[in-house]
Each structure stands twice: as C-alpha cells, then as structure tokens.
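**Student:** Chain order of the listed sequences is W and D. Our numbering puts the first residue of the first sequence at 54, with every later residue one more than the last. Our numbering puts the first residue of the second sequence at 31, with every later residue one more than the last.
One or more of the hints may lead you astray.
[To be verified] Straight-line alpha carbon distances no greater than 25 Å define the calculated SDA-like cross-link-like pairs of lysine to any residue that follow: (1) W:K474 / D:S414; (2) D:K571 / W:E259; (3) D:K523 / W:L410; (4) W:K474 / D:V261; (5) W:K110 / W:S96; (6) W:K264 / D:I297; (7) W:K353 / D:N413; (8) W:K469 / D:K263; (9) D:K263 / W:G485.
If you are wondering where the hints come from, they were derived from the structure by calculation, not from laboratory data.
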Amino acid sequence: MFKRAATTIAMAAAIGVSHSYADVVDESFYPYREGAPSYEGLSVGMTINASNADQFKEILDPATYEQLKNGWWEMKVGETTSFDLHPNYVEATRKNLGQVSLGDELGQINGFVAGRPFPEEPSADDPRAGEKLAWNYKYGYNWGDSAAIYPFYWRYRDLESGKIERTLKFNFHFLNYKHRVQHEPVPEFADNPSDLFRAIYVQVLEPFDVKNTQLLIHRSSDDQTADNTWLYLGFQRRVRRLSSGQITDAFLGADIMIEDFEGYNGRISDMNWSYQGTRNIMLPFFNHNELELATDLEEKDGYQFVDFGGKGGCFPNITWQLRKVYVLESDPIDENHPISKRTHYVDAQTFTLPRTLIYDRKGDLWKSWLIGQAHPDHHLEKNKGTGVSIDDAFSMLDIQAGHCTTGQFKGQVDPKLNEVKLFTVQNMRAKGR
Amino acid sequence: MRKINKMLSALGSTAILAGLGLVNAQAQDEEWDMAGFVENATFYRDGAGISKSRNTGQFEFSKDFGKKFGMNNFRVSGTLRATYDAVYDINDDEYGKNAGGPRSFENAGSTTAQAIYGGNGNSPWGQSILGNGGPPGAVPPGFLFDVSRNPNQGLKVLGEDMHNPNAGVTIGVPVRPCDKDSRGCGLDDYMDFDTNDLRFPEFNDQLDFIRELYFEGSVPTGDMSELFFRVGKQQVVWGRTDLFRVLDIINPVDYSRHNIYDELEDIRIPQWMATAEYRWGATEIFDDLNLQLVWNFDEFRPNALGQGGTPYSILDAGSFFRAMNNCWENGCTVSNFVPAGAIGLDDPGLIAADFAPGVIGIRQVNLPDGHDQGGIKLEGVYNSVGFSLNYYHYYQQLPVLRGDIVSMNAFTGEMADWDHLIAFDIDFPEVDLFGGSLDFYVDSLKTVFRVETTYTQGEEFANTIEPDLYSESDVFRWVLGIDRNTFIPILNKNRAFLISGQVFGQHLLDHELERAPLGDIGMPDWEDNYTMTLLVKGWYKSDTISPQVIMAYDYEAGAGTFAPSVDWLINDNWRLIVGFNIKFGDGMGDQEFDDCRTCNPFPPFTATPAHADPNQSGSVGLSGIQPLGRFRSGPLGSASEEDEFQVTLRYRF
Numbered sequence: 054m055f056k057r058a059a060t061t062i063a064m065a066a067a068i069g070v071s072h073s074y075a076d077v078v079d080e081s082f083y084p085y086r087e088g089a090p091s092y093e094g095l096s097v098g099m100t101i102n103a104s105n106a107d108q109f110k111e112i113l114d115p116a117t118y119e120q121l122k123n124g125w126w127e128m129k130v131g132e133t134t135s136f137d138l139h140p141n142y143v144e145a146t147r148k149n150l151g152q153v154s155l156g157d158e159l160g161q162i163n164g165f166v167a168g169r170p171f172p173e174e175p176s177a178d179d180p181r182a183g184e185k186l187a188w189n190y191k192y193g194y195n196w197g198d199s200a201a202i203y204p205f206y207w208r209y210r211d212l213e214s215g216k217i218e219r220t221l222k223f224n225f226h227f228l229n230y231k232h233r234v235q236h237e238p239v240p241e242f243a244d245n246p247s248d249l250f251r252a253i254y255v256q257v258l259e260p261f262d263v264k265n266t267q268l269l270i271h272r273s274s275d276d277q278t279a280d281n282t283w284l285y286l287g288f289q290r291r292v293r294r295l296s297s298g299q300i301t302d303a304f305l306g307a308d309i310m311i312e313d314f315e316g317y318n319g320r321i322s323d324m325n326w327s328y329q330g331t332r333n334i335m336l337p338f339f340n341h342n343e344l345e346l347a348t349d350l351e352e353k354d355g356y357q358f359v360d361f362g363g364k365g366g367c368f369p370n371i372t373w374q375l376r377k378v379y380v381l382e383s384d385p386i387d388e389n390h391p392i393s394k395r396t397h398y399v400d401a402q403t404f405t406l407p408r409t410l411i412y413d414r415k416g417d418l419w420k421s422w423l424i425g426q427a428h429p430d431h432h433l434e435k436n437k438g439t440g441v442s443i444d445d446a447f448s449m450l451d452i453q454a455g456h457c458t459t460g461q462f463k464g465q466v467d468p469k470l471n472e473v474k475l476f477t478v479q480n481m482r483a484k485g486r
Numbered sequence: 031m032r033k034i035n036k037m038l039s040a041l042g043s044t045a046i047l048a049g050l051g052l053v054n055a056q057a058q059d060e061e062w063d064m065a066g067f068v069e070n071a072t073f074y075r076d077g078a079g080i081s082k083s084r085n086t087g088q089f090e091f092s093k094d095f096g097k098k099f100g101m102n103n104f105r106v107s108g109t110l111r112a113t114y115d116a117v118y119d120i121n122d123d124e125y126g127k128n129a130g131g132p133r134s135f136e137n138a139g140s141t142t143a144q145a146i147y148g149g150n151g152n153s154p155w156g157q158s159i160l161g162n163g164g165p166p167g168a169v170p171p172g173f174l175f176d177v178s179r180n181p182n183q184g185l186k187v188l189g190e191d192m193h194n195p196n197a198g199v200t201i202g203v204p205v206r207p208c209d210k211d212s213r214g215c216g217l218d219d220y221m222d223f224d225t226n227d228l229r230f231p232e233f234n235d236q237l238d239f240i241r242e243l244y245f246e247g248s249v250p251t252g253d254m255s256e257l258f259f260r261v262g263k264q265q266v267v268w269g270r271t272d273l274f275r276v277l278d279i280i281n282p283v284d285y286s287r288h289n290i291y292d293e294l295e296d297i298r299i300p301q302w303m304a305t306a307e308y309r310w311g312a313t314e315i316f317d318d319l320n321l322q323l324v325w326n327f328d329e330f331r332p333n334a335l336g337q338g339g340t341p342y343s344i345l346d347a348g349s350f351f352r353a354m355n356n357c358w359e360n361g362c363t364v365s366n367f368v369p370a371g372a373i374g375l376d377d378p379g380l381i382a383a384d385f386a387p388g389v390i391g392i393r394q395v396n397l398p399d400g401h402d403q404g405g406i407k408l409e410g411v412y413n414s415v416g417f418s419l420n421y422y423h424y425y426q427q428l429p430v431l432r433g434d435i436v437s438m439n440a441f442t443g444e445m446a447d448w449d450h451l452i453a454f455d456i457d458f459p460e461v462d463l464f465g466g467s468l469d470f471y472v473d474s475l476k477t478v479f480r481v482e483t484t485y486t487q488g489e490e491f492a493n494t495i496e497p498d499l500y501s502e503s504d505v506f507r508w509v510l511g512i513d514r515n516t517f518i519p520i521l522n523k524n525r526a527f528l529i530s531g532q533v534f535g536q537h538l539l540d541h542e543l544e545r546a547p548l549g550d551i552g553m554p555d556w557e558d559n560y561t562m563t564l565l566v567k568g569w570y571k572s573d574t575i576s577p578q579v580i581m582a583y584d585y586e587a588g589a590g591t592f593a594p595s596v597d598w599l600i601n602d603n604w605r606l607i608v609g610f611n612i613k614f615g616d617g618m619g620d621q622e623f624d625d626c627r628t629c630n631p632f633p634p635f636t637a638t639p640a641h642a643d644p645n646q647s648g649s650v651g652l653s654g655i656q657p658l659g660r661f662r663s664g665p666l667g668s669a670s671e672e673d674e675f676q677v678t679l680r681y682r683f
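If we strip away everything but chain D, and leave its shape as in the complex, we get:
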C-alpha cells in the first residue's frame, strides 16, 4: 500500500502538477483515497454460447490537497480500468478467429439459380449469376471481383442471426477480428479492431485504460459563490434520464460493451475536457444557481457500436459497415439484387449479384478533426423545481452514410458521383443542441417527475428519396420520467419498491416518406416514435439482496426487453449479480424498408418497369429487411435474438 501511495503521489505531484508547471506543490497530510474492484462478467447467449467473459480490474484514486494555487479543495482524481474479454478465446467459433465460414446467397424464386446451384438455389459467395458465376465475357466488369483475394470463408450473411433474407438484399460480412481477416477493416480507426483490441479494449491509441484523470478546484468569490474548475479526462453528465440519453450527450458511449444495458457510468467514453462553473449558490430568486461552460478539447470520438463479428453490435451496424467496406475495397456478393428478367433470363425470380470493388459500399470514414465541441448549461433550483437550460455544439455521435462519392458505373466503368447509388462515406455532421430539463416532486401523488427535452439542428438520417441517400432533419426529443416508492405488502411489508417509468419521444421535423410504386421510400427512421422503460426494484435483508426487473419497449418497432436480475451483496467486498435479458415482440425480420435495389443508380441499365423514366435515378420502393430495417427495428428489435443469462461476480477493495 505504501508503494501505491508513493506511485500515486508521484503521479499526482509530479506528472500532473509538473505538467501544469506546479512542481512546488506540497501535498497536505490527507492521504490518497483509493478503491477498486476486479470483476468477471460471463454471459451466455441462446444459440451462440458464451457471449461475454469479461474480466475487469478498476482502480480509483483521488486526493484532496486543500488550498493550492489560489484554489480551495484542489483535488486530483483518476480511474484506471483494464479489461480482458475472454470470449474471443473461449468462443472463437462464434466471435474469434474461427468465426463464420463459407456462405451462399439467396436467389429468391429463381429457376435459373435452382438449376445451376441445386438445393435451395442459393449461390456461393463470388459465384453469382450476375457475376463470377455468369457466362465468361458476358458480365460487365462492374460485376466481377477477385475471389482469391476475397474468398468465401470467415463470412456470415448480413442479418443471418436475426432473420432469413426473405427475398431481400443481404451481403457477406467478414466476421473474424481484423488481424485474422482484414476484409472490411479499411475504415481507419473505426471498426478496425484486431483480436487484442477486442480482448483488451482499453489499451488503444486513446489510452482508454485511463478512464479518468483530472484536477479540480474552486476559487471563492463570496460567502455563497465560487468559481469551480475541472480539467482532464472526465465524464460530464447532463440530464435526468436512465438507460436512454436525451441531454446526456457530452461523452460518447461504448455500446459494444453491453449494448444499452450497462450503467452509463461504465460505458461513457471519457474525453479530455475543461469545465468551468460559476456557482452562485442561493440567490434572492433561486435556491441554487450555477452556470457551466464545457469545452471538449479532445479528438472526436463517435459512439462505439461494435464491429462485425463481435457479440454486441448495436443495430448490427458494425456488420453492415464492415460488409459495405469490404464491398468497396474487395467487392462483394449481394443476394436477390436483380430481377432475373432484367438480364434477359426467362426467370421470374431474383438473382444475386457480385459487385466489383469501387462500385458500391463504404469508402472511408471522415472523423472530424476539430477540437471544438462545447456548450453551456444554466442549472438551478427555483421554487423547489430543479431546472436546466442547455446548449451544446458537437458532432453527431452516430454515423451517417453520405452517398456523394465518386464510384464506378458497374455497367460502363465510368467514374462519377452517381445519384441514388449505395456508395458512401461515413460522416459525423455538426449538431447544435438546445435543451432543458426539470424535476419536481408532487406531494399529493408521492411522485417525482423528471422532464427533459432537446431540439437539435444538423442531425442527418438515411433518406432514399435524396440523390445522396441522406438528408438533414431537425429533431425534437423529450422524456417524461416518474419515480415513486410504493409498498407492495405481499412482497415486502417493510420496504417499499422503487417504481420508475420513463417515456421517450422523438419527432423528426423534416421527416420524408413517400409512397412509390413498389413501396415506401424516404427516411427509414420513424417520424414519431416512443420508447417506454419501467424499473421495479426491491430490497431485502438490509439491502443486501435486491431483485429488480427492467423492461423496455419500442412502440413502433413492436420490440421489447425483459431483464430480471438479483443483486446479492454478499459482504462489503463481494457482490454477485445473476440475471436474464430476454427480448420479446418483433425482431429485425419484421421490419422492411426501401433497400435501394430499385434506386436506378446507373440509368438506364438499372431501371425497372416501375420507373416512369428509365433515365432518371430514384427509388421505386422495392423493400427488404436489410439494410434499413435496422433503423425501424431500433436497438431493441435488432437485438431480438440476443436472449442471455448473465452472471457477474465482483470483488471490491
């Protein structure tokens, strides 16, 4: 312990303070406050086996140096975390070096494919009728790719864990870690993790094993008021909601750790930031008032969505992106892409196509390089009502696909920015958020109410009407939460249960959706959607045993989650959590949307009989589950096949 103290003293007094030019600082007598834990979280997924065997060590430290540098309560704090997820070794057939395999792709209803391939008529990767499997010399160069460089191994069919193709488009997804299979890993610093990156996620270029490291202090400006600073790697938490975020958007979130279900505390990605707060305290009008300025001077980090082949890939976006990047770099097979009749076959079905590199897919990711995210919050308590007014300028933390890149016409070889072509870059547009929140207690109902609302400008969404397949929309989001402690005597006559419910709403003000000859086209995101959450939590045996049920339901997706668990605090050191995470309702397979097969990006070659003008690009609405059904299915529906049994054992010290 003495050694650790010395190390921390060195870290605090030398490294940090030296960095500030404050090496003469002398620590007061107060000792370092240190704590930590080691934990194993092992989850078992129905149909997949072990989906997580995460071993975590976390060490937290802080020290109050008292009055230093003109500041009161000068304090240095930090949190270090190291994780080894053994799932990539224990269950490498599913998530590691042996994941995936050869795959075939649907040619729905194609008599030709049936005759060629037999069985169910599915064609192997890279052997499509419109592609390498077609008559030699008759296939345009845009429908050929080198299978020796892009072989039929280590693949899954996009969405295969959740649904059948159902005559829609699917793509092959390389699912092994990027050091085992580099296909689809060409997006620099985005979803390009090697095995060790996945095993040890904190040990990366951003030094994420330093979860937090900051100093803080306050300068008194009056009896009640003070100026407070906190600078360093930190989490800045706005808002009053659980599980889903409305105002709590300053730190991006790592959904690859456990989708939306881990505590935000554990999955916010800390950023190097500076915050300054002027705290008036109580004033003539307000019980409490403070103004906070936040400057995120760190490099931009998007939300971590997981990558293709990893167990937690929210919306399965990581699989889609990896598949599409492989399409761009190496070519790919897409199922059910073309009506067989369109290439002159006397065949009522659909056939798969092999796309050459540089035709469709995702070319690159454009991570913003500005260190210019920041905002302001005025927060206080007025007449017993807690409130905040917020503004934040940031980069959208979820990616948007912009189809405004130059690519190759599969039929002519011509290079151009083709309208309505599914060839994209990933971007993160700038967003301005205006928001506010309230909380208050209604005594007659014995209930606490929480309200948050935001209005954003600059967010972008997929939109198959637009030539570049995306458009901007202002978004209005709100949440109403209620918390009530209620006795349920039949379950516990001495201790009330916490019942906490929330309704989230989202409205896209510039939503576009039109009816086309073969289906709806436009924005797959719902114009209005509502998500409900409910927490019922009880306590027994001096709060050492705490059962709880979390439920969440996405109204438009028709999908929900039911997560009962029991938290047993064995003693002050040991803690065991056992639970289930069960999905119900509709899955991704129940949601379809315009998949842009009929977008006619290479007119007139790709025009369909439904196109009034074969020389005009634009979708006529043929729909499938992939790729845009995920936006209608949401994080709950797209994880419909991820029922899990979960055990977490933690030792704190």
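Pulled out of the complex, with its shape left as it was, chain W reads as follows:
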C-alpha cells in the first residue's frame, strides 16, 4: 500500500514537474496562445498620433510617445501576431531547461548548450534577473544560425529638413559558430580554436569614399574575453584591428555605433543589467508583404524595401503591435563609455530588441533606436518557415542632434550566403583590392 502510494506520488510529482517545465517553455515562446494583450481604446487599424497619444501613453515607450505627441509621425496599429521561433530552438530550450545557471561573476554562464538559457519569467526579486534577460538576448534566435542582409541600405538624414545626406549600401553577414539548432553543423563547427560564439562580417558597397571597407567581428564564447574586431580600409588595402573605442563610436559617420548593431552588440560583461518590469508596449512588428513599400530602391527579384516617412523621413512606414515586453536597463561598466545607460524594450516572445532608448553621459535621452521586425512567413520566399524574426527596417534618431540614420533591409536566412570562410581576416584581404 505504502509502496503504491509512494509510486503514485512520485509519478504525480514527475508529471507535475514535467508539465511545469513544459509550461515554462510554452509560456516563454508562445505568450499569445491564450490571446493577445489589449488596451482600452486600442483597436487594430486605428492610428495613434498627436491627437490621441496621451490616451495611449501607458503603452508607448517615452521617446515614441514624445515623437507622436509632437506630430513627427503617426503609428498604425496592427494585430498582435505570434512570431514563432524555429521549433528546433524551442526544443533545445526544452531539452536544456533547468540546466543553466549564472556564474559567480558578471558574464559567466554555466551549463548552456542551446536554446533560450533562462525561459522562466523574470522576477523583480531576483537581483540578477536583468542579466538572465541579457543572456536570453545574446543566445537568442536573432538571425538564426546564420543570415545575411543582402543588401542593406543606410541613409543619413537631417530631421528638420529631411535632406538625405548620404546613402550607404552594405552586405551584412551573421554566423553562429556554436549553439546552432537548424543548419549543419549542429550544434557547432568542429574547427573553432578560439571558441568563437559568433561572427559578423560587413562589406561596404557604396558610396565611393567608403567602398570596399569591411568589418569583421569575432565574439568569443567566453563573454569575459574581448571581441576581436578588424576593419579593412579600401584606400589602405590593409586590415586594421579595431580598439573597443571604435566599437562605441559612430560607425562610418552614422548615428549608430558598432555596439548598437541588432539592438546591442557587445558583451554581457560590459554592462550592468537590471530588470525594470514586464509591460505591454507597442512594438514595431509587422508583415513586410502587407506594407506599402518603397519604390525608390529596386531589386532585380522584385523585392521592395520598407519605406520611410514622417518628420525628416526618419520613421518607417510600418504597423505596430501591442506586445509583451521586458524592460531591461544596461549601464556601461566602463566609466569612459559615451553613454550612461540604455533602456531596452525586449520583446518577450522573440527576445529581439525592437526599441532601445539611449542616454548620454549626463543622463539625458540621446538616441531613439528602432528595429522593425518582420514575420518571416510574410517576407522573402526563402525566409518562410525559418522561425527568424526578420530585422527589416531601422531608425536611429539622434534627438539631440536632430539627425537620424535609417536602414532598409533585405534579410535573407540563407546558409549559402554565409559560408564560414567569409568570416576570416584573410577573406577581407581577398575581397579587397
């Protein structure tokens, strides 16, 4: 009798735990399964602008609210949709659930294999909750195992006059060396002597003065190891190693620093992280193919880029969704860092960083950073089913300087565009002249 009871209790406990684990993962990856969030007065198809911004202030980040209130642009409200990440990534999360922990020091993590390291809801009582969210971002499914933005247009714009000062054309490539879940080799490359986690390779195609400039970033698996970054300058025909000072500096004169790429492109150990709460916030998530797209940049295959409008042409013509957000603050450990802090509005489902506010060293709001997310099933044919939330349009607005840099993406989740040999110093020399 006792034995049967004990077995029953054990089985029940096991089932209970298993069910609990499943809930954690499902709740992390499918937050809208039980329904989309709502807000009083908000409806799909409506527009938030200067006339009604006050009504929705609670679901707008402060910079977006100010911009709408000032009439700089108008926000079209779309339906909240689920951006399901690739099932392999979800499965890897499930498989490794409960096996990951933070190390004693900032930037240390134990037991991580693949997937989302900390799918559990963050707790305000957890002093390291912010750090866990940062790890979830770092090991997120941001561009999948590899992807290319091919091509990628940046435009430097004057907020007041709307004048386009410069147009740069790039190719961007991303590759994960480790923690891969979809494309071979899974879970990692065999020859990886420096234990790299990820690499980013950038090639400038236009205009003439920066043509052939290339950037290569190697990020170590050991977060406490500094990135290795190289720049190839066409006019010097030489690969130069970059110091971290250049990583926190305006990249090629844009309003963006290398550290801003993808929302945050640095180490966990470079920042102090703090979780500021969970909210429902309007975020730039949309279906690319349903937008009114730009007609001034044409691709041979008919692909059209996201268009921009509003004041100075600094704002993407997209739709926004009310989504579950973790508010995450990061302040630099380096006292000489040019900013005092960032406030990231982390999309809880994808762990992308669609909205980030950047504050200068005095603590004043300096830049408003927007990365629009397109659903992969409503984008290029090759992106369908990839489970990658596609970075599709960006705007970095320097509020203090009255200037912005906008980005128009042709994101392609295509391993063939991101061969591992592309991410070598020698490739930079070969690609240069």
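Using the hints, position chain D against chain W.
**Tutor:** Relative to the frame of chain W, chain D by itself:
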C-alpha cells in the same frame, strides 16, 4: 555606359581570357562594377610657387564571373590612371623648360678667387681656378671640360634650395626636363624624363596607365580551405604600418608623386606578379591560417625618387645623381674642392675645380634584369593575435653607388679603377628579407598594438672607409604602432578621435664609423635611428568633415613634419581636402659628413697634410653638407624647405 560595358566585356572576355586561351568563357549576368574619379591637386610651396597642379583621372572596374575554369569567384579587376601635372607648364621657371640659370661656385676663403672673380669670390660654372679658369696649359687635362657642350645655363647648385655651401662641395645640377637639357640624363631608363614624361607620368614604356589588371579565383579544397590565385599587374601589400614601410616592400614606391605623404595605395608601383594562397581558414589551432607565395615576374623597377629639377625628389637624390651623371659625361664644376695651397697658391682658402668627363661622377645604372623576385608569407590569427612570418628575395629598391669602375686619373690621364674615387655605377643589390608581424588588442588599455620587424641581408650603403665607397650591412628594422580611440570632449563629445602613434627603429649591424684627423669617416647612415609618427584624426557632421594632424619626427636628423588638414566630403561625389605641410627642426644644412674631398684617390697628387702616407688613398674626413649629409638628414630633413599649402578637389563617379 553601355559602350563602356561593351568595352570592358571585350577587354575582360577577349583580351584577358584570350590571352589565357579561355575565349569560350561566358560571363554571368553580374555586371561590371565600375567607379572612378577625376581630381585636381594643387600645392603651393613657400619660395617656389606652384609645386604641383596634378590632374588625375582614374577608372576602376571589376567583374565577378562566378564559377569559371574550375575556380570559384573568377574575377577580373583593373585600374586605369592618367595624370597630367601642369606644374611643368604653369611654373616652368622653377620646374620646367626655363628652370635654373647660370651659376657660380664657392671658393671659400680664397683670396685668389676674390681677386679674380670679385664679389663673393664665386667662380662661374666651368671657369674654376683649377680648371678652365686656370692658367692655360698649366692645368692637367683631367680638370678641363668643354663649356660649349656643357654651358653655364639651366643649372642650379646642388642643395641651393636648402642650404649654403658652407665651404663644402657642391656641383652644378642641370634642372630642365631632359628634352630641354639632356645633361645628366644619360642613365638609361633611370631619371631621364622628358617634359611629357613628367607631365604624363603614367604613359611610359611600362604602361603605368594600367595601374592594375589581374584575374583571380579560388579552388575549394574543403569546407574551410581553398587555393586562391591572383595573376596580373597588382599591388601585394604586406605589413601593418602607415607612412613608412618595413614589411610592405613587394611593390616599389613612387616618391616623386608626393614624397612619402600620399597614400601608399596611390604610390605603390604595380608589378606583374602571380600570387597563390592556400587558405586553411580556421584549424584546430589557428583561427585563421594561410600561406602565400608571391612571384614578381615583372622587370625590376626601383623606387621612383624624382629627378633633378622636379618638385618632389626625396633626399634630393635625383639632383645629386643628375649632377654626377653630367660630371661623368660632360664634366662639371665642384665648389671648394681643393685647398688653394695644394696647387701652390699662397692662399688659405678652398677653390673650385672643373672636372673633365670620365673622372668623377656616375657612369651608368645597372638595372637587374632578373625576373626572380619572390617570397612567402605565413599569416594567421592565433589566440586573438594576428601574426605573419615573411621571407622575400628582392633587389634593393633604393640605389647604391658602387665606386668600382674604371675612370681617368685627373692628373695623369691613366685609366684605372681608383680606390676612394667618387666615380660610380648605380646598382641594386640582391636582398634577402626575413620578417614577421603581430597585432593584438589589449582591452585594459583599450589599445591596439602593431609590431613589425625585419632582418635583411645584402643591403648596401655608402661607406667612405671602403675603397669602393660602399659596403654591405645587415639591417634590423622594427616598428611599434599603437592605435587608440579617445574621446576629447572639449573638441567633440559625441565622436572619439583616432590617435595612432608609431615608432620606427633601424639598426645597421655592420655599421662602420671611424674618427679621422679631419672628421668622421665611414657610413653616413645612422647606426641606430628612430622615426616617430603621430596621427590625430577627428570626425564631425556624420563623418563628412574630418580634420587631422599628421606629425613625423626623425630623431637623429632632428627634423620633423607637421601636416594639418581638413577633409570635407561635400556629398557622395565631391570631396575637398585643404591642408598644410610644414617642416620643422633641422634641415639638410645642419648635417655634414665626410664628402671625400680628402679621399686621396689619385695619390700622391691628392694627398693632404693630414694623410700619413701620401701614397695611400683613403679619407681623412673633411666634411661638408653635400653629398652625404642627405643620408643623415633623411626624407624629412632633406625636405626642410618644402613647406606647402595644399588643395585637392576630387569628383568620384
């Protein structure tokens, strides 16, 4: 544009591929990538007027043909450049057909010369006391030359733009283009440019208007590895330094374009070369590893140093060589060459001498005819440290004067190879270079470090101790560079400044320097020398305005350069650069070295009281600025009088 496409298609698919026997190649859909610019660079030199009015047109093209001939990414690339430097027309009094004039030569402290010539006692070209101006019949034949063939016109005194003779030797330099004045232009294919050669420097026998034209492709050998080829006229860049070169020695450099100050990209002289690289990519040990073989099958090209009478003649070597070639071919006047007492005058001073042809000077240039320069480089990244190991066999790109030629004894007329006589051929010895480089980032200092070092065997240097006035020395060179991005809030609170500093060191392992009765003799090059460079560069207005300061300082020469400039990117097409290039510190006039006046090449006639054995040649060390002070002054000090205001306007398309 369609026509250009057709032309390029023809060039790429027919000319190049036909040359390879690959005429059946079909281009893929990808179009030619084309770009170019036109540019005017106008420089104004203090005291000389316009020193450059260079109009350049450059056209770059490339096309990726995809998979062809068993290679991936088969690509054809080229760069064409045409230049017209109008300075030879605009400022022809200084650099063109009307440059120079009649010149007189110093007879320092000579009472006899004072009495004969009056004024400051300087004697006109070809009218020296020991020469045509001496008593008829009393002057040995080796001190006479035909002034009607070698007249006193179109001349400058060697070094006159930089210093006074200071009782040292100087020579007359013909300074007009070689079609206007052929004197001193007798070195075949070396410093023998006509006006049009100077105006249009790319249109020469080497077809330098084709700056680059090559094909390349890779053969995959694995997931990570590949074999890469590039064949054609190209630049192969080794090393990690700016401004000065340590490992970057494969292509010679054209210093006549703008001394050391133009981007190396623009002044490397492309060569026909073949490179093959095996790229392992990441391995079990290295993050990146590749092995490169380079074969330069082109004819040897030395560094272009500029010629006498041109605005950019690094070390003023071109003037010296032209003067010396004129000495050899036509004779020449040399100031302050002989103590007046040595020819029996009751005179405490020095007097100039007229040398007959074939006595002193530079006879010819011996350009190596081997097509055998080449080397190997192993390069990679290990534990986040970039590294390379290099070996290169080449011909010294700077000339050396070898005094082992047969010439005429000025006193006896006898023909022999006289020891310690300043009669030379120009040679370019074979050199073996062993080197390596590193770069790494130190996070705690937020600083990138760059290190390069080379050890060469076979380089030759001037050496007044040696009978042939040159000797070989192994050379150890190194450079340490640091790059740091630093905020200077008072100047720009949003954008960091790039601060890049470099220290170059050079050590001659077989350096010789001895104390002789009248001064030092031996090698004028410093046994150890250090050159520092500093770049501070900032950016404003979305990087469209970029002020910068470049400073360089030669420690032993005590000479430096301060070059502030502002680069304004007006829009995607137009770019304006305005700057100054200011020299400071010591000039060439502050450096003296044994000038071999007291080398006693024709013993006992040329022996001095300081010679212990009047029948033994060898220098006792009387020194002057010319000709060897230039080696101690270096490229910075020898350009001390070349302060310039510079404007460059470029339109890119």
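**Student:** Compare the structure with each hint and give your call.
**Tutor:** How the hints compare with the structure:
1. Of the supplied pair hints, the one linking K474 (chain W) and S414 (chain D) holds, its CA atoms being roughly 17 Å apart against a limit of 25 Å.
2. For a cut-off of 25 Å, the pair hint linking K571 (chain D) to E259 (chain W) stands: about 19 Å separates their Cα positions.
3. Distance check on the hinted pair: K523 (chain D) and L410 (chain W) sit about 19 Å apart at the alpha-carbon level, within 25 Å; holds.
4. Distance check on the hinted pair: K474 (chain W) and V261 (chain D) sit about 22 Å apart at the alpha-carbon level, within 25 Å; holds.
5. At roughly 15 Å between alpha-carbon atoms, K110 (chain W) and S96 (chain W) fall within 25 Å of each other, so this suggested pair holds.
6. In summary, the hint linking K264 (chain W) to I297 (chain D) is supported, as the alpha carbons are separated by about 19 Å, within the 25 Å threshold.
7. For the given pair, K353 (chain W) sits about 42 Å from N413 (chain D) by alpha-carbon distance, which is inconsistent with the 25 Å threshold.
8. In summary, the hint linking K469 (chain W) to K263 (chain D) is not supported, as the alpha carbons are separated by about 32 Å, beyond the 25 Å threshold.
9. Under the criterion of a C-alpha separation no larger than 25 Å, the hint pairing K263 (chain D) with G485 (chain W) is consistent with the structure, at around 15 Å.
In the structure shown, a violation is registered for the earlier hints numbered 7, 8, in ascending order.
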